[in-house]
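Student: So the chains spell out like this:
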Amino acid sequence: MKLARWVELLGPVAVLVAVGVVGGMSFVSPDRQAEVLRALVSVAIVVSLYVFVGNSGVISFGHVSFVAVGAFAAGVMTVPVSLKPTITPGLFGLLARRSVGNVPSLVLATVVGGIFALLVAIPLMRLSGLAAGIATFAVLGVTHNVLGNWTKIGPGPLTLTTVPQTTGMLQATVGVVGIVIAAFLYQRSRFGRRLRAAREDPAAARAAGIDIHRERLWAFALSGALCGFAGGLLVHQAGTLQVGDVYLDLTFLTLAMLVVGGVGSLWGAVVGALAVSALDSFLLDAENGSVGFVNDLLGRPARGGGRRLVGVAAFMAIVLILLPSGLTGGREFRLPSLGRLRRTRGESAA
Amino acid sequence: MTAAVFSTVQAQTLLDAVALGSIYALMAIGIGLVFGVLRLVNFAYGQLVMAGAYALALTQNVPVVLSIAVCFVVVLALSFAMELAVFRPLRRASPTTMLVATFAVSYLLQSIALVRFGAIGRFLVVIPQLTELVTIGGFHIRWITIVTIVVAIAVFGVLTLFLTRTSIGLQMRAASIDSDTARLLGIRANAVITVAVLISGAIAALVAVILPMAVPERVLVTPDYALRETIIVLVGVVVGGIDRLLSATLGGFAIGFAVGVLSGFLPSSGSWPFTSSVYLDSAVFMLVILVLLVRPEGLFTRSRRSAVERV
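Those protein sequences? They're chains A and B, same order as listed.
With our numbering, letter number 13 in the first sequence gets 972, and the count goes up by one each step, no holes.
With our numbering, letter number 171 in the second sequence gets 207, and the count goes up by one each step, no holes.
Derived from the structure by calculation, the hints contain no laboratory data.
This one's a predicted model, so the numbers in the text were calculated from it and none came from an experiment.
Treat the hints with caution; some may be incorrect.
[Unchecked claim] Here are a few chain B residues that face chain A, going by a calculated C-beta distance under 10 angstroms:
#1 Pro252
#2 Val274
#3 Phe321
#4 Leu323
#5 Glu333
[Said to hold, decoys possible] Covered, in the sense of this in silico footprint (three residues per stretch, anywhere, with C-beta under 8 angstroms from a C-beta of chain B), are these stretches of chain A:
#6 1075-1086
#7 1089-1100
#8 1209-1218
#9 1276-1290
[As the list claims (entries may be wrong)] Facing chain B, from chain A, some residues (calculated, C-beta under 10 angstroms):
#10 His1103
#11 Gly1107
#12 Trp1109
#13 Arg1266
All C-beta atoms in this analysis are idealised placements derived from N, C-alpha and C, irrespective of residue type, glycine included.
Take the sequences, apply the hints, and build the full model.
Tutor: Encoded structure:
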């Protein structure tokens, strides 16, 4: 692979590592560190979602299901055994008697997310367009409903608490970089290229012998596994979880982050998630009255009560109206000064 | 429906299911109409209903006719603003971008309502007389149930006449079948789209009047008012077949009817998934997945699409 191709990977990785390293420094307040952690987990979910939606061009409302099963699998299996009778009273005996450590729980989350996604994909990937979107949404509805009521596999309608908060700056950064590398390697692999070809021109791709449904199936399963892993990171970051946390709001927020960044590129997924998270943190500060110029502008702190949600939603709507293809325009990361040179050279070589 | 087959309770359940289906059918008409001319799935449709419901809830001390008029004005103005500020700039955007943009609008309106009116619901009954019971042939029916069914049929009938008998209606159908050719033939696309958006808005206002009386959980107006209904109707519309107004409407009705019947007949307890009424949503969504797998182009569409499969 050419150097310019690796720059596409190194750009996002460098940005995420910088966020993690700076966020972990001692001058950053604990509240701010928690915001940085949440931002990194958001990037993890959005990049996992991108692996399917970005490469296939098919929208999915169902990926938060895989985040949810990953998060609950990792969470339920790391709650100390002695606390399980109070936190998850109805659990199956096998699940109630056993707990695992941090790393095995993340592996478990990945496997559970991947297997669930694969099982869902086998029937659903025959669909396309709006029917596919609605069917994936139906999967989310079923997952939410079952997780929220079936107390043999989780807390049901209760809140899962006392999950060890092992997603610190190191685990969040390493985790999200791992997901980005997996996404990059996939989209550069023959499988990723076939799927992207099918996204651009289904008829031509099929004429070239690409089995679109099979490519989508594997992308969906990989994406689901990564979502499960990101769910594991999420539950170990938050320490508590209820089904409502991994349902509609998270689905719309992550999809909006992806589209705001630019749905067609890995860089877009990273930029979108970071930009929306940063805006959210900034507006939270403005609500608390700790941003000088906002106080000057309004003559008072922009006091809470959900005003920052207005700001975030308005930002997303405005970006989409002014830049329908997102902040990055669906392009990968390039070094600004060398970009044009590399591109022309690359094209003439090809 | 004979008494020998159905007990009174079951007949009552079916009637309630028909009423729920009628409300969903109304919303399906509103969503299907805009999709027809714009190819845009308007996720923010529920927030039009929410705005109308707040307009009604905040004007409960004025005469009811005036209150309903305010509701229509607010919802129509909001629909028009949405068309100008969001739909028009996004005419050439990809379907995904348009859909996500309407999510953003939906969340924007919800968060504005949250800031302005708070999370605590406001009690709303528009016309109290309509929630009273009337006894017909041994059944206890609320007036609103009858009104809902009649209104849904009337709206669909009037709209069908409008689309087949008036010039602008014919233009609308032409634009929805092939918008480029329609424009070449001199149809002013923006005018046609604006009319469709406004009709869709008027239906949302109508739903805002009916919904709080017809569905018991919806007497409290909250920032996420009608969100659940919108999601279910969107699902129903796609299941029915979003390309044509009739199939979209039938899809909305069918899913409302299915929800009503399943919630009436599922037992109220059971520890395994799909065995009790807490798993109502799962049952409905599993049904949706099955229908989509068998007929991805829509349950009520006339024939399968041509041999060339679109992916």
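Student: Which hints, by number, does the structure contradict?
Tutor: Violated hint: only 1; rest satisfied.
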